[in-house]
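A.B. asks: One letter stands for each residue in the lines below.
Number of protein chains: 2
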Amino acid sequence: MENTQSKSQTPLYEDVARQIIEMIDNGTLPVGSRAPSVRSLAVQLKVSVSTVVAAYRLLEDQGRLQPRPQSGFYVRALRRENVEEPLMSRPPETASAVTVGDLRLLLLTEFGQPGIIGLGASNGAVSDWSIKAVHSLMSSISRSQPLLSASYPPPAGMATLRRQVARWYIRAGCKLSPDDIVITCGALEAIHLCLRAVTQPGDAVALESPTYWGILQTVEMLGLKALEIPTHPRTGPSLDALEVVFSQKLVKAIVLIPSAHNPLGSIMPEENRRQLVAMVRKADIPLIEDEIYADLVFEPPRPRSCRSFDEGPSSQSHVMVCGGVSKTVAPSLRIGWCIPGKWVKEVTRMKAWLNIAAPTLPQLALAQFMDEGGYDRHLRKVTSIYRRQVERMSELIAEHFPRDTRITRPQGGFLLWVELPEIMDSVTLHDRAIQKGVSICPGVVFSATGKYRNCIRINCGLLWTPEVERAIPTLGKLIAELIEAHQNAATEPGYDATQC
Amino acid sequence: MENTQSKSQTPLYEDVARQIIEMIDNGTLPVGSRAPSVRSLAVQLKVSVSTVVAAYRLLEDQGRLQPRPQSGFYVRALRRENVEEPLMSRPPETASAVTVGDLRLLLLTEFGQPGIIGLGASNGAVSDWSIKAVHSLMSSISRSQPLLSASYPPPAGMATLRRQVARWYIRAGCKLSPDDIVITCGALEAIHLCLRAVTQPGDAVALESPTYWGILQTVEMLGLKALEIPTHPRTGPSLDALEVVFSQKLVKAIVLIPSAHNPLGSIMPEENRRQLVAMVRKADIPLIEDEIYADLVFEPPRPRSCRSFDEGPSSQSHVMVCGGVSKTVAPSLRIGWCIPGKWVKEVTRMKAWLNIAAPTLPQLALAQFMDEGGYDRHLRKVTSIYRRQVERMSELIAEHFPRDTRITRPQGGFLLWVELPEIMDSVTLHDRAIQKGVSICPGVVFSATGKYRNCIRINCGLLWTPEVERAIPTLGKLIAELIEAHQNAATEPGYDATQC
Numbered sequence: 001m002e003n004t005q006s007k008s009q010t011p012l013y014e015d016v017a018r019q020i021i022e023m024i025d026n027g028t029l030p031v032g033s034r035a036p037s038v039r040s041l042a043v044q045l046k047v048s049v050s051t052v053v054a055a056y057r058l059l060e061d062q063g064r065l066q067p068r069p070q071s072g073f074y075v076r077a078l079r080r081e082n083v084e085e086p087l088m089s090r091p092p093e094t095a096s097a098v099t100v101g102d103l104r105l106l107l108l109t110e111f112g113q114p115g116i117i118g119l120g121a122s123n124g125a126v127s128d129w130s131i132k133a134v135h136s137l138m139s140s141i142s143r144s145q146p147l148l149s150a151s152y153p154p155p156a157g158m159a160t161l162r163r164q165v166a167r168w169y170i171r172a173g174c175k176l177s178p179d180d181i182v183i184t185c186g187a188l189e190a191i192h193l194c195l196r197a198v199t200q201p202g203d204a205v206a207l208e209s210p211t212y213w214g215i216l217q218t219v220e221m222l223g224l225k226a227l228e229i230p231t232h233p234r235t236g237p238s239l240d241a242l243e244v245v246f247s248q249k250l251v252k253a254i255v256l257i258p259s260a261h262n263p264l265g266s267i268m269p270e271e272n273r274r275q276l277v278a279m280v281r282k283a284d285i286p287l288i289e290d291e292i293y294a295d296l297v298f299e300p301p302r303p304r305s306c307r308s309f310d311e312g313p314s315s316q317s318h319v320m321v322c323g324g325v326s327k328t329v330a331p332s333l334r335i336g337w338c339i340p341g342k343w344v345k346e347v348t349r350m351k352a353w354l355n356i357a358a359p360t361l362p363q364l365a366l367a368q369f370m371d372e373g374g375y376d377r378h379l380r381k382v383t384s385i386y387r388r389q390v391e392r393m394s395e396l397i398a399e400h401f402p403r404d405t406r407i408t409r410p411q412g413g414f415l416l417w418v419e420l421p422e423i424m425d426s427v428t429l430h431d432r433a434i435q436k437g438v439s440i441c442p443g444v445v446f447s448a449t450g451k452y453r454n455c456i457r458i459n460c461g462l463l464w465t466p467e468v469e470r471a472i473p474t475l476g477k478l479i480a481e482l483i484e485a486h487q488n489a490a491t492e493p494g495y496d497a498t499q500c
Numbered sequence: 001m002e003n004t005q006s007k008s009q010t011p012l013y014e015d016v017a018r019q020i021i022e023m024i025d026n027g028t029l030p031v032g033s034r035a036p037s038v039r040s041l042a043v044q045l046k047v048s049v050s051t052v053v054a055a056y057r058l059l060e061d062q063g064r065l066q067p068r069p070q071s072g073f074y075v076r077a078l079r080r081e082n083v084e085e086p087l088m089s090r091p092p093e094t095a096s097a098v099t100v101g102d103l104r105l106l107l108l109t110e111f112g113q114p115g116i117i118g119l120g121a122s123n124g125a126v127s128d129w130s131i132k133a134v135h136s137l138m139s140s141i142s143r144s145q146p147l148l149s150a151s152y153p154p155p156a157g158m159a160t161l162r163r164q165v166a167r168w169y170i171r172a173g174c175k176l177s178p179d180d181i182v183i184t185c186g187a188l189e190a191i192h193l194c195l196r197a198v199t200q201p202g203d204a205v206a207l208e209s210p211t212y213w214g215i216l217q218t219v220e221m222l223g224l225k226a227l228e229i230p231t232h233p234r235t236g237p238s239l240d241a242l243e244v245v246f247s248q249k250l251v252k253a254i255v256l257i258p259s260a261h262n263p264l265g266s267i268m269p270e271e272n273r274r275q276l277v278a279m280v281r282k283a284d285i286p287l288i289e290d291e292i293y294a295d296l297v298f299e300p301p302r303p304r305s306c307r308s309f310d311e312g313p314s315s316q317s318h319v320m321v322c323g324g325v326s327k328t329v330a331p332s333l334r335i336g337w338c339i340p341g342k343w344v345k346e347v348t349r350m351k352a353w354l355n356i357a358a359p360t361l362p363q364l365a366l367a368q369f370m371d372e373g374g375y376d377r378h379l380r381k382v383t384s385i386y387r388r389q390v391e392r393m394s395e396l397i398a399e400h401f402p403r404d405t406r407i408t409r410p411q412g413g414f415l416l417w418v419e420l421p422e423i424m425d426s427v428t429l430h431d432r433a434i435q436k437g438v439s440i441c442p443g444v445v446f447s448a449t450g451k452y453r454n455c456i457r458i459n460c461g462l463l464w465t466p467e468v469e470r471a472i473p474t475l476g477k478l479i480a481e482l483i484e485a486h487q488n489a490a491t492e493p494g495y496d497a498t499q500c
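These protein sequence lines map, in sequence, to chains A and B.
Position 382 (the first sequence) corresponds to 382 in the UniProt record's numbering; numbering is contiguous.
Position 37 (the second sequence) corresponds to 37 in the UniProt record's numbering; numbering is contiguous.
Some hints here could point you the wrong way.
Put simply, identical chains are the same to the list, so a pair is met inside one copy or across any two.
As the list claims (entries may be wrong) - Okay, derived cross-link-like pairs now, BS3-like style, lysine-lysine, Cα gap no bigger than 30 Å in a straight line: (1) Lys342 / Lys381; (2) Lys132 / Lys282; (3) Lys451 / Lys345; (4) Lys345 / Lys132; (5) Lys252 / Lys46; (6) Lys436 / Lys477; (7) Lys436 / Lys46; (8) Lys436 / Lys345.
These are computed hints drawn from the structure, not numbers from a lab.
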């Protein structure tokens, strides 16, 4: 049914363009080669000449083909391939309190606003059918078993969903029982409960740098300190740095996003995971592993959870896994889970005292969606869409942002981390962009120490529309204006560069 | 539709019995009077003689009628009218840490178990139609607006629901704007957020004694201390005691359940509310008002919220109102709200950092349920059912429990607080009862100081079945056995009463 739907909704010329891109990507049409003539392609694909012309125009707009007079269309080198990646981060070596909460709340409020292109959110919304499927399961379950909802759900969550999560984690390399799992209201709540279970106010925790601002917020809310670890944009946190942190006993816990990191899109290599788990076991320090994007990596197989490298029973594990479906099925369901290892009793108790339990019906519907294979099918569909959108967004940024911009090469998820020229203030850029109807996420919120002021995070998970395409040139123009204003100020009489 | 359904499901003789009870309750048939003869009533109500006989047998079983040979049936005095109420509580005068969490978690886990008569829960489940109605609204909303669920809900909650809550609070005497309201995952989460916003670990907070164990749990989780206030089973906490607490600056906040208290069922008089609000304003101490049972009081009008006595704009108020629909519509929805007064910004931020927001769809459905008048109609229906069930349960307890038992006279909700003879250990009673398939809530969990060991809380909100009727005689037998065992032990040689 979805296929029919998607075919009937996509114009034919877009289908043709997609086929050409596939030929470019798989090497059939290498960079510099001449694309088939309009006429021959029309015959070959059994479409009209005007359809092929429309497809080639689209590919020209997207920077994939370049027309040469009297000669036809040629495959262009991708601009983004000439753009550098960010370097390994170098955060301060001491732990600090976290205090930029108000900006984060402002951002969170903006994300939901109608009329704003939400490039600042981290919201995978390319397809609404998984939401429809889960909602429809909710309807049928509520009709067939209304009394299930007449009582409080158990604190650890509905057994049917815990069974499905345990089954799902086989592909993450983990042998789990439903009793190892606690269902939460989203993955952030899971991280909150884990940190509560293993820390006291005033303790320090190690984090990647940059890292998801929600984690920093939790650290602030619990009165903890953040120790940021140098982090590579492809392979994640430096194990050497962590070794020092552990040996000097600088932290009480560590919170990482090893799979399709937010905001970097990095995947920690298997060997690093193995080593890291050995380190946390030796140091007797809990590793809180945020797996919220792990089901969205571009190249199968799905990465093994760090938990899978911790041998022995789950009830002895130092790895506390946190996950959920906000990035895959729908954020509005607010369903996450926690696999707290040796702290399962503490986390269950805290979940109960916090808000008793997660709502019943979404849990039952999600369990059925997973059981019937809907979740798996959905993932296969969306990851290829996200991959394509991340590539297209990188192209647009390469084209419209200043030359010395750096862009990550995400290996999963739908986020891009963009390093703008040093002089850029992304909070100012954010304020200007909102007035133009575009939200971005300024880099400062990804650090406890005010770093990354010249960085922004861009969401590529939106429903792809012409407005999204136009948002990047709009941002590019604002950036150019801000740079020009900065340069003019620098050359004005009386300007003191040291005060900049 | 509901009427038809309920008529077709209730046997005719129960309808007849209900009519007789109404005549007793409204004084048409006073205590001691002779009920109409079987034959005359059959003619009058146009039912068969055997139906009237069945109805009279039921009323005899329920202790409402007493047969006298050759004379007919007579109206009995209610046993519960001869049973005393508990006295004003007398908790210790110093604040203490809270630490009986494991017992509470065990209870919470039991509540959801199939095959257990959940007299230990606090779960109003007499009718499933409100759940069905809300679920059906969820279905239609998800069909008509699927994309609403493709993004994160705003941290404060969906505007439509906040508008409805603001409108609803007009009958609580409050003038609110939607911006004064934060939607939460249940009322307990609202209390948690309020306490986080206004206290620091180590602070003391004033509570009723006994009070809802979830509040004590939150106090424990946040590292606070509990100062229990002497509390009257009809009118609530002693204002004199609070005056001393405020003047000596012993607490940083106060958490009360002024309307249909859990577990006492008390309603704080309006004059006390007015005085209390003046006191908290003068002392500059936030009053957290748990209103979760406020829509379930037996005698209209619904009590005015303490907030309504705090003049001036909501954004200046010292009263932080917490409420929700877990006791009215369905606990499985996990929807609550907070009206944090002058701390609205802090509470919104903490809600965002805790778990981003409450799920979208249940919020929208509940808003529509309230808007269409469904919530109001539902309340009118269930409160009369709860009132009847509370009375019936009191009768059963009066009949089957020891003579010196004391029972509260709830003015709303569906809970009874039962004071058993001093020597009873309700934790032991709980353990024995669970083996017989009946859960109760032992009194110790309602105190920070281990008080109320001889008390239990009984849920009258269950779907009323013959199993529920039989659970109280079962408990009565267990209590008698425990008392006998105690007395035997006391008369055994070598027994030292001082060690009891």
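A.B. asks: Run every hint past the structure and note whether it holds.
C.D. replies: Outcome of the hint check:
Proximity of Lys342 to Lys381 under the C-alpha cut-off of 30 Å is found in neither arrangement, the shortest distances being 35 Å within a copy and 47 Å between copies. When the C-alpha separation of Lys132 and Lys282 is checked against a cutoff of 30 Å, the pair qualifies neither within a copy, at 46 Å, nor between copies, at 53 Å. Proximity of Lys451 and Lys345 under a CA criterion of 30 Å is satisfied inter-copy only: 26 Å between copies versus 37 Å inside one chain copy. In the homo-oligomer, the alpha carbons of Lys345 and Lys132 never lie at most 30 Å apart, since the shortest distance is 35 Å inside one protomer and 34 Å across protomers.
For the homomeric pair Lys252 and Lys46, neither the shortest alpha-carbon distance inside one copy (64 Å) nor that between copies (77 Å) is at most 30 Å. Taking the shortest alpha-carbon separations for Lys436 and Lys477, only the intra-copy value of 11 Å comes in at or below 30 Å, while the best inter-copy value is 74 Å. Within a single copy, Lys436 and Lys46 get their C-alpha atoms no closer than 43 Å, and across copies no closer than 76 Å, so neither meets the 30 Å cut-off. Taking the shortest Cα distances, Lys436 and Lys345 sit within 30 Å of each other only across copies (27 Å), while inside one copy they are farther apart (49 Å).
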